[in-house]
Amino acid sequence: MSLGDGWVSVIDWLDGLRAPWNGVAIIVLIAVIAIALRAILVWVVHLVVTRVVRTAREHQDGRQSAKNGVAAHARIVQRARTMGTILTGLTTWAIGIFAFFAVLYYGFDVSPTALVASAGITAAIVGFGAQNTIKDVINGLMIVFEDQLGVGDVVDLGLASGVVESVGIRVTTLRGDDGTVWYVRNGEILRIGNQSQTIDASSVVRVSRGRRSSVSQRRLRKNSNTSSRSTTDAGTEQQQRRND
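Just so we're aligned: 206 in my numbering is position 206 of the sequence shown, and the numbers increase by one with no gaps anywhere.
Simulated from the structure, these hints should not be mistaken for lab results. Be careful, since some hints might not be right.
[Unchecked claim] Computed beta-carbon distance windows for the label pairs:
1) Ile27 with Glu165: 35 to 45 Å
2) Trp93 with Asp178: 49 to 59 Å
3) Phe128 with Phe108: 18 to 28 Å
4) Arg175 with Leu104: 18 to 28 Å
5) Val42 with Thr133: 33 to 43 Å
6) Val24 with Val163: 40 to 50 Å
Computed from a predicted structure; not experimentally measured. Note that CB positions come from ideal geometry on N, CA and C, so glycine has one too.
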C-alpha cells in the first residue's frame, strides 16, 4: 500500500465520521486532538525557554562585573519567560480557531466554500471591530521582541508607573508604589521609561573623571614642554648676545 493510498484511506475515514450519528463523536475527537496538540506545543515552548535560560546561565560573560553579569542573566531570563507566555497565548488562540472550523466542517458538514466565505466575512468584521485589540497584540509583540521591558522592570509608561508584573498579548500589568495594580493596554503605550536599563551612574562618574584626568595630564605635560622650550630658547639667545 502506497503513501497516497494511505492518505486516501485517512480522508475516507474522516469523511465517514461526518455521518449525522457520529457528529458528537467527531466533535469530542477534535476537542481531544486540540487539547493534546496545545499541550504538546506548550511543552515545546517551555522546553525552549528552559534551554535559553540554561544557556544564558552557562555562557554568562565572565568579563563583566558580578553585578552586571547577574543583571544581564536576569534580563535574559525575564525576556525568555515573557516571550514564552506570549507564544503560549498565540498557540492557544491558533489551535482554538482551527478546532472551531474543523468542528464546523466535520461535525456539522459545512461545505469548504461556505467556510472560506464565512471566514473572510468574519475576518473583515473582526478586523474592523477589533482594530484596537489587533493594535494591542502587535505592539505587545514588538515590545517583547525589542526587549523594551520585562517582568520585574521598574518602568514609567506615561499612563502608569511601577514594577512590571506581567506582559500579556494585549495588556501589561504594573504594580505602583502604593500597591495599586495597573492594567495598561499595549496599544496605548506610546513611550517607555525603563529604570532597570539605566547605566550605573557611579561608573559614568568614574569614566568621566578618568577621561578628565587623562586630558588634564596631557595638557600639563604639553604646557611643561612648552615652558621648557621657551626657557631654553631664551637662555641660548642671552648667551649669543654675551658672545657678541
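Each hint, compared with the structure:
{"no.": "1", "hint": "Ile27 with Glu165: 35 to 45 Å", "in the structure": "38 Å, holds"}
{"no.": "2", "hint": "Trp93 with Asp178: 49 to 59 Å", "in the structure": "34 Å, violated"}
{"no.": "3", "hint": "Phe128 with Phe108: 18 to 28 Å", "in the structure": "27 Å, holds"}
{"no.": "4", "hint": "Arg175 with Leu104: 18 to 28 Å", "in the structure": "42 Å, violated"}
{"no.": "5", "hint": "Val42 with Thr133: 33 to 43 Å", "in the structure": "23 Å, violated"}
{"no.": "6", "hint": "Val24 with Val163: 40 to 50 Å", "in the structure": "48 Å, holds"}
Violated hints for the displayed structure, listed by number in ascending order: 2, 4, 5.
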